[in-house]
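Could you put the whole structure together from the sequences, leaning on the hints where they help?
Chain residues, written in single-letter form:
Protein chains: 2
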Amino acid sequence: MNGNHSLLEAFNQTTYPLVGHGKRNIQILKDALDDTDGNLDSDMYGAGKLIKEFQNRIAQYLGKESAVFFPSGTMAQQIALRIWCDKKGLKKVAYHPLCHLEIHEEDGLKELHQIEPILLADTSRPVQLEDVLSMNEDISCLLLELPQREIGGQLPDYSELEAISAYCLEKGIKLHLDGARLFEILPYYQKSAAEICKLFDSVYVSFYKGIGGIAGAILAGDDAFTKESKVWKRRHGGDLISLYPYIISADYYFTQRLPKMGQYYEEAKELAGLYNQCHAVVTKPPEPVSNMFHVHIDLPKEKLEAILIHIYEATAIGLTSYLRESSETACSFEVNIGDRYAHVPKVGIIKAFQMLDERIKETSGLH
Amino acid sequence: MNGNHSLLEAFNQTTYPLVGHGKRNIQILKDALDDTDGNLDSDMYGAGKLIKEFQNRIAQYLGKESAVFFPSGTMAQQIALRIWCDKKGLKKVAYHPLCHLEIHEEDGLKELHQIEPILLADTSRPVQLEDVLSMNEDISCLLLELPQREIGGQLPDYSELEAISAYCLEKGIKLHLDGARLFEILPYYQKSAAEICKLFDSVYVSFYKGIGGIAGAILAGDDAFTKESKVWKRRHGGDLISLYPYIISADYYFTQRLPKMGQYYEEAKELAGLYNQCHAVVTKPPEPVSNMFHVHIDLPKEKLEAILIHIYEATAIGLTSYLRESSETACSFEVNIGDRYAHVPKVGIIKAFQMLDERIKETSGLH
Chain A
1 MNGNHSLLEA FNQTTYPLVG HGKRNIQILK DALDDTDGNL DSDMYGAGKL IKEFQNRIAQ
61 YLGKESAVFF PSGTMAQQIA LRIWCDKKGL KKVAYHPLCH LEIHEEDGLK ELHQIEPILL
121 ADTSRPVQLE DVLSMNEDIS CLLLELPQRE IGGQLPDYSE LEAISAYCLE KGIKLHLDGA
181 RLFEILPYYQ KSAAEICKLF DSVYVSFYKG IGGIAGAILA GDDAFTKESK VWKRRHGGDL
241 ISLYPYIISA DYYFTQRLPK MGQYYEEAKE LAGLYNQCHA VVTKPPEPVS NMFHVHIDLP
301 KEKLEAILIH IYEATAIGLT SYLRESSETA CSFEVNIGDR YAHVPKVGII KAFQMLDERI
361 KETSGLH
Chain B
1 MNGNHSLLEA FNQTTYPLVG HGKRNIQILK DALDDTDGNL DSDMYGAGKL IKEFQNRIAQ
61 YLGKESAVFF PSGTMAQQIA LRIWCDKKGL KKVAYHPLCH LEIHEEDGLK ELHQIEPILL
121 ADTSRPVQLE DVLSMNEDIS CLLLELPQRE IGGQLPDYSE LEAISAYCLE KGIKLHLDGA
181 RLFEILPYYQ KSAAEICKLF DSVYVSFYKG IGGIAGAILA GDDAFTKESK VWKRRHGGDL
241 ISLYPYIISA DYYFTQRLPK MGQYYEEAKE LAGLYNQCHA VVTKPPEPVS NMFHVHIDLP
301 KEKLEAILIH IYEATAIGLT SYLRESSETA CSFEVNIGDR YAHVPKVGII KAFQMLDERI
361 KETSGLH
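Heads up: the sequence lines are chains A and B, in that order. Going by the UniProt record's numbering, the first residue of the first sequence is number 1, and it counts up by one from there. Going by the UniProt record's numbering, the first residue of the second sequence is number 1, and it counts up by one from there.
Hint data in this document are derived by calculation from the structure and do not stem from the laboratory. There's no promise every hint is true.
As the list claims (entries may be wrong) - Incomplete in silico selection of chain A near chain B, CB under 10 Å:
{"id": "1", "residue": "Glu111"}
{"id": "2", "residue": "Trp232"}
{"id": "3", "residue": "His343"}
Stated by the list, open to error - Beta-carbon label-pair distances, calculated as ranges:
{"id": "4", "chain 1": "A", "residue 1": "Asp223", "chain 2": "B", "residue 2": "His5", "range": "54 to 64 Å"}
{"id": "5", "chain 1": "A", "residue 1": "Leu90", "chain 2": "B", "residue 2": "Glu287", "range": "48 to 58 Å"}
{"id": "6", "chain 1": "A", "residue 1": "Gln114", "chain 2": "B", "residue 2": "Asp41", "range": "47 to 57 Å"}
{"id": "7", "chain 1": "A", "residue 1": "Gln13", "chain 2": "B", "residue 2": "Gln190", "range": "51 to 61 Å"}
{"id": "8", "chain 1": "A", "residue 1": "Gln114", "chain 2": "B", "residue 2": "Asp222", "range": "25 to 35 Å"}
{"id": "9", "chain 1": "A", "residue 1": "Glu53", "chain 2": "B", "residue 2": "Asp35", "range": "40 to 50 Å"}
{"id": "10", "chain 1": "B", "residue 1": "Leu8", "chain 2": "A", "residue 2": "Asp107", "range": "43 to 53 Å"}
Backbone N, C-alpha and C fix where the C-beta goes; we use that ideal spot for every residue, glycine too.
Spelled out as structure tokens, the structure:
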């Protein structure tokens with residue numbers, strides 16, 4: 001049996017997985033709908049009370065003039081960059097080399113919009129003002145992802161953000177926020193979403209990461225921008241007759257989980273601390289700045305899998321459902337804290353991490 | 001008060017609307033979900049049992065190698081045409097001047113794919129072989145919409161379809177079916193979906209017209225085609241983490257309503273007959289070939305609105321919720337037969353049409 005498959009199976013059988021909100025099953029939608037009157041009218045191609053009220057709610061929360069609900073962030077962000085490129089008449093943007101648009105979208109930005117991206121910073125750290133200053137080319141838009149997911153959810157200092165924003169404003173460069181995990185970083189920055197969004201011309205947020213909805217995104221900005229985004233939404237095939245299954249669940253879980261972002265953040269720091277106490281284990285970042293971090297362990301994948309499966313069976317605690325092979329002697333995985341963590345008995349967690357530390361030492365030949 | 005608004009209000013207050021399946025409210029989704037176990041896992045970016053089983057079900061039904069679920073037909077069809085254009089290395093297609101891509105998609109095909117459409121036939125009739133033969137330019141793909149919705153849902157003869165298909169095959173032109181209402185025309189053609197789809201290289205079908213689901217579409221063809229369509233689906237931002245709200249409802253209502261397409265067709269013919277007996281009223285087509293038709297009435301919009309509101313109040317029967325102004329002295333509207341028609345007392349329908357005929361005559365000064 002394939003290693004990752006048996007790891008996933010063992011993880012799925014644990015009573016106490018440490019990551020996520022829960023299983024991604026259709027009960028998530030049923031719960032949101034149980035709360036909603038069946039007589040409520042569907043949205044219709046972007047119109048109707050249901051979609052408008054939610055768009056207004058999020059626009060207000062983000063401190064933007066208006067907002068548009070999209071089926072996906074992929075669609076919303078390509079469109080945001082396209083609008084800013086068209087406005088300036090220059091099809092060039094800049095973003096981090098591990099930006100979602102660069103590595104997860106099959107080059108939609110290039111294939112559908114013929115927009116050329118300039119890659120800023122190296123893959124180990126977030127974009128800084130210095131990277132922007134040292135660009136040799138003019139661009140229409142700079143995209144910043146907060147936190148930078150693919151490197152464990154790292155953030156620049158807030159003052160760095162302010163400096164980048166001021167520079168872009170001065171140079172006539174639009175600043176776009178990939179806020180897929182914006183809600184999750186507010187406790188670290190100790191800022192409101194509106195305070196952060198004020199630094200950006202346009203903002204995308206997601207409703208199925210920390211919020212735990214089904215799918216869907218919001219793109220927010222000034223009225224002219226969001227109006228144009230609706231035209232592109234139709235062109236992309238995203239102006240569905242009904243988006244309400246996503247909107248209703250986004251609204252429901254936003255209400256439920258937004259107040260818990262501080263809790264997830266504290267729990268992420270606690271859990272990262274436990275990982276970092278283990279031999280041959282480090283987290284990225286060393287101290288999380290959101291509900292997420294990456295774990296890097298210096299052991300070959302097969303050996304670590306065997307250790308983890310043993311721990312899951314012995315403690316009923318699930319640490320991760322998968323491992324990514326970084327090299328022949330190291331692997332990594334992502335941790336996202338959600339509702340589950342708070343329900344896990346602390347004594348079980350302590351035991352699991354004692355076992356992890358001991359087994360890694362044994363396997364590394366330290367015992 | 002705006003005329004159309006009060007007509008809509010009066011229509012919404014009738015006990016017996018003649019068109020559609022019912023209100024587009026969220027109960028439609030609740031009903032589909034009530035039938036489904038909450039423990040069922042979500043689809044994940046196009047993978048998982050839930051999406052695969054439905055795709056297989058529809059691929060088999062359409063007689064195609066494979067099928068891909070899309071959030072919208074707009075997305076699915078642009079992608080189909082793009083794939084065929086790329087394959088031939090020629091960004092030219094042909095379709096009817098009232099094709100959905102030409103009039104309802106904000107020129108997505110041109111703006112996102114740089115594909116140039118050649119418009120065939122005039123706006124009063126469907127595309128015929130003769131139109132294809134008389135094209136002066138080579139194209140990669142011909143799109144046929146069956147039935148042609150914007151002209152009341154008209155169809156070419158089946159033999160015409162066969163001839164077009166044979167010609168395209170001979171000339172190396174891919175034939176794509178806009179089957180937004182494919183299920184609805186099977187009773188007229190007396191063919192299976194697979195028999196019709198055999199004439200086409202690729203097929204799109206929709207699940208919220210006659211089927212009455214929430215949203216969503218299937219694109220079907222051979223394996224190489226559908227595989228490539230998934231890459232473009234991601235580029236368009238349509239590869240959502242979860243599409244299950246649409247898939248579950250598509251599956252549920254497909255099972256429920258596919259067997260009723262013959263009934264809707266018969267009822268459409270009956271209702272069109274009643275319209276055609278009225279003074280100054282004609283339907284397009286004169287005899288429906290699906291569950292739909294258009295009604296054209298030679299009266300100014302304001303006058304017809306007053307008549308309709310009066311009929312709705314007097315009989316509790318609702319004929320249409322809106323009127324489109326064709327000229328200063330004529331208007332039209334679309335009729336789609338769904339579940340509702342069968343539940344309306346015949347005597348009420350007869351009375352409503354007697355009133356319509358009388359009032360039109362009175363207003364036209366014939367009494």
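Right, here's what the structure says about each hint:
1. For the restraint placing glutamate 111 of chain A at the interface with chain B, the shortest Cβ-Cβ distance is roughly 6 Å, inside the 10 Å limit, so the hint holds.
2. Interface hint status for tryptophan 232 of chain A: upheld, as the beta-carbon distance to the closest one in chain B is roughly 8 Å, under 10 Å.
3. Proximity of histidine 343 of chain A to chain B is violated relative to the hint, the smallest CB-CB distance being about 19 Å (cut-off 10 Å).
4. At roughly 25 Å, the beta-carbon separation of aspartate 223 of chain A and histidine 5 of chain B lies outside the given 54 to 64 Å, and the hint is violated.
5. As the Cβ distance of leucine 90 of chain A to glutamate 287 of chain B is approximately 57 Å, the hint placing it in 48 to 58 Å holds.
6. For glutamine 114 of chain A paired with aspartate 41 of chain B, a C-beta distance near 38 Å fails the hint of 47 to 57 Å.
7. With their beta carbons about 53 Å apart, glutamine 13 of chain A and glutamine 190 of chain B fall inside the hinted range of 51 to 61 Å.
8. Checking the proposed 25 to 35 Å range against glutamine 114 of chain A and aspartate 222 of chain B shows it holds: the Cβ atoms sit about 29 Å from each other.
9. At about 29 Å, the beta-carbon gap between glutamate 53 of chain A and aspartate 35 of chain B misses the expected band of 40 to 50 Å.
10. Our hint of 43 to 53 Å for leucine 8 of chain B and aspartate 107 of chain A holds, since their Cβ atoms are close to 45 Å apart.
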